[in-house]
Amino acid sequence: MSTLTRRGAVRAALASVAGAGLAASAPAATGLAPAPAATASSRPPSFGVGREGQRKADLGNGTYRNPIVPGDRPDPTLLKDGSDYYLTFSSFTSYPGVVIWHSTDLVNWTPITAALKQPIGAVWAMDLVKHDGRYFIYIPAMQENGSKIYVIHADNIRGPWSDPVDLHLGDCIDPGHAVGEDGKRYLFVNGVRRIRLSDDGLSTIGQLEPAYTPWQYPKDWVVEMFAPEGPKIFRRGEWFYLIAAVGGTSGPPTSHMVTLARSRSIHGPWEDSPHNPIVRTQSADEPWWSRGHASVVEGPAGDWWMVYHGYENGMRTLGRQTLLEPVEWTKDNWLKARGGTLARPLPKPRGGRPSPAGFDLSDDFNTDRMGVQWTLFAPDAKDGERVSRRDRSLVLKAKGTSLADCSPLTCLVGDRSYEASVEMEIPGDAHGGLALFYDGRGFAGIGANAQEMLTYNYSQEIGWMRHKLPATTGPRVLHLRLTNRENVVTFHTSPDGKDWTQHPWQMEVSGFHHNVFGGFLSLKLALFSAGQGEVRFRRFRYRGLPA
Numbered sequence: 110m111s112t113l114t115r116r117g118a119v120r121a122a123l124a125s126v127a128g129a130g131l132a133a134s135a136p137a138a139t140g141l142a143p144a145p146a147a148t149a150s151s152r153p154p155s156f157g158v159g160r161e162g163q164r165k166a167d168l169g170n171g172t173y174r175n176p177i178v179p180g181d182r183p184d185p186t187l188l189k190d191g192s193d194y195y196l197t198f199s200s201f202t203s204y205p206g207v208v209i210w211h212s213t214d215l216v217n218w219t220p221i222t223a224a225l226k227q228p229i230g231a232v233w234a235m236d237l238v239k240h241d242g243r244y245f246i247y248i249p250a251m252q253e254n255g256s257k258i259y260v261i262h263a264d265n266i267r268g269p270w271s272d273p274v275d276l277h278l279g280d281c282i283d284p285g286h287a288v289g290e291d292g293k294r295y296l297f298v299n300g301v302r303r304i305r306l307s308d309d310g311l312s313t314i315g316q317l318e319p320a321y322t323p324w325q326y327p328k329d330w331v332v333e334m335f336a337p338e339g340p341k342i343f344r345r346g347e348w349f350y351l352i353a354a355v356g357g358t359s360g361p362p363t364s365h366m367v368t369l370a371r372s373r374s375i376h377g378p379w380e381d382s383p384h385n386p387i388v389r390t391q392s393a394d395e396p397w398w399s400r401g402h403a404s405v406v407e408g409p410a411g412d413w414w415m416v417y418h419g420y421e422n423g424m425r426t427l428g429r430q431t432l433l434e435p436v437e438w439t440k441d442n443w444l445k446a447r448g449g450t451l452a453r454p455l456p457k458p459r460g461g462r463p464s465p466a467g468f469d470l471s472d473d474f475n476t477d478r479m480g481v482q483w484t485l486f487a488p489d490a491k492d493g494e495r496v497s498r499r500d501r502s503l504v505l506k507a508k509g510t511s512l513a514d515c516s517p518l519t520c521l522v523g524d525r526s527y528e529a530s531v532e533m534e535i536p537g538d539a540h541g542g543l544a545l546f547y548d549g550r551g552f553a554g555i556g557a558n559a560q561e562m563l564t565y566n567y568s569q570e571i572g573w574m575r576h577k578l579p580a581t582t583g584p585r586v587l588h589l590r591l592t593n594r595e596n597v598v599t600f601h602t603s604p605d606g607k608d609w610t611q612h613p614w615q616m617e618v619s620g621f622h623h624n625v626f627g628g629f630l631s632l633k634l635a636l637f638s639a640g641q642g643e644v645r646f647r648r649f650r651y652r653g654l655p656a
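The number in my numbering is simply the position in the sequence shown, starting from 1, with 109 added.
Calculated from the structure, these hints are not laboratory results.
Don't take each hint at face value.
Derived PhoX-like pairs (lysine-lysine); straight-line CA-CA distance at most 20 Å [as the list claims (entries may be wrong)]:
1. LYS226 / LYS506
2. LYS226 / LYS491
3. LYS491 / LYS506
4. LYS189 / LYS239
5. LYS239 / LYS293
Bear in mind that the values here come from a model prediction, so they are computed numbers and not experimental data.
All chains should be built: construct the whole structure from the sequences, respecting the hints.
Printed below as a string of structure tokens:
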């Protein structure tokens, strides 16, 4: 079909919608053709069903299925603090960022706070530690002129957290905190290199120095690049253990792996494990790709566990998700993973207290969820002032000229299929809407200004799809609904939230991921406001959909 013919057909459909005043089609219709019956090999695995139909790891029968924290939660850093466990993840350019999650059983997790409010750049893999009763997070931030490492600290894990302290340590990422047998504090970084920390952990002493020559995989393995990174140090008995990653965090499915070395001294020499790599995706047929970047922790009953990230087979748009695998100690004090490919449910850690899982994403905007749920994409220092709550509405002041440059408000999701809807009011000259957003180069969605309906696809507004909306007195009010079924997206609109009309363009978004756009991000739900003025959003609703 020619472009002209296609445009004509779509315009005719749009005209019929506008002429009907956004009249109803079947309220529950999705417009998707019936799916063929799933075969044993193609059927997605069964997950636990949690709040709002969201998937959860706990299957309710003493077993769990990965991921333990679904959605884009990469580079996990894990802290055991008595009987409590805390996780945080790379948050990149989403602010407020560095969201801390809590669990008492290692399987069920819920967020408790966002520790970083001040934009410092793209936040990469961190280390969350406790030392002498104080909590520290060592944070690498990618900036226009390179990377820096900062540290924030708090006396209570729930905050308040300090402002970032610049360690003046450039061109380094992936910090890993360690305390040597000498009682001194050290910071390991990618490479693997090391520098001494002051006793208070807020400055460095001396110079970076090589600490360990990373284990080298066979040359014929299919990986992204060598990229030794993510050093994490822990001590058990007479040994220090160094967990690291090599192989590149993305690229081919068989990239990335977990390696292990040990030493009786923080100063080395380090001995490579004979079992290296202790975790690696070996085939694209496996359910989790590019598995790596691990932290190791003792479980509630004294057994040991490893947390790391991986891409879900066929769902790279969800980003790198957090995975939990049991490990065991050999008689000669080496660590071995024993979860296989993670294709099957695994027994839950023993001894943990019941722990809540996840949280509702539906939001009436009567409480502040900034950071824990909603984040601004790549905001300026004062962009937090753009977001306010008023009369059970979220008010988003306009910025930029389009979805591409407006720093939208984003919400991370972890379901393979889901539906989201929102009511939008446009009182002035702004335009806004509901979208799926990777970054300024990758997005798809629908929106409106006071007079016209707008459509976004192929990372741009499709000008020839603009069409007039029925005349109205007062501010424009429009209800928008987005349904994503494993990367096939359908939009609906409604004047009242009851009678819905399907948008004529269904979109396929499986290409919105790091291997296409870079940036190590994921495809998030987004509310946006651009132009002049503000857009008000009410009654955001979310539900996970069964596979």
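Practice prompt. Mind listing which of the numbered hints don't hold for this structure, in increasing order?
Written response: none
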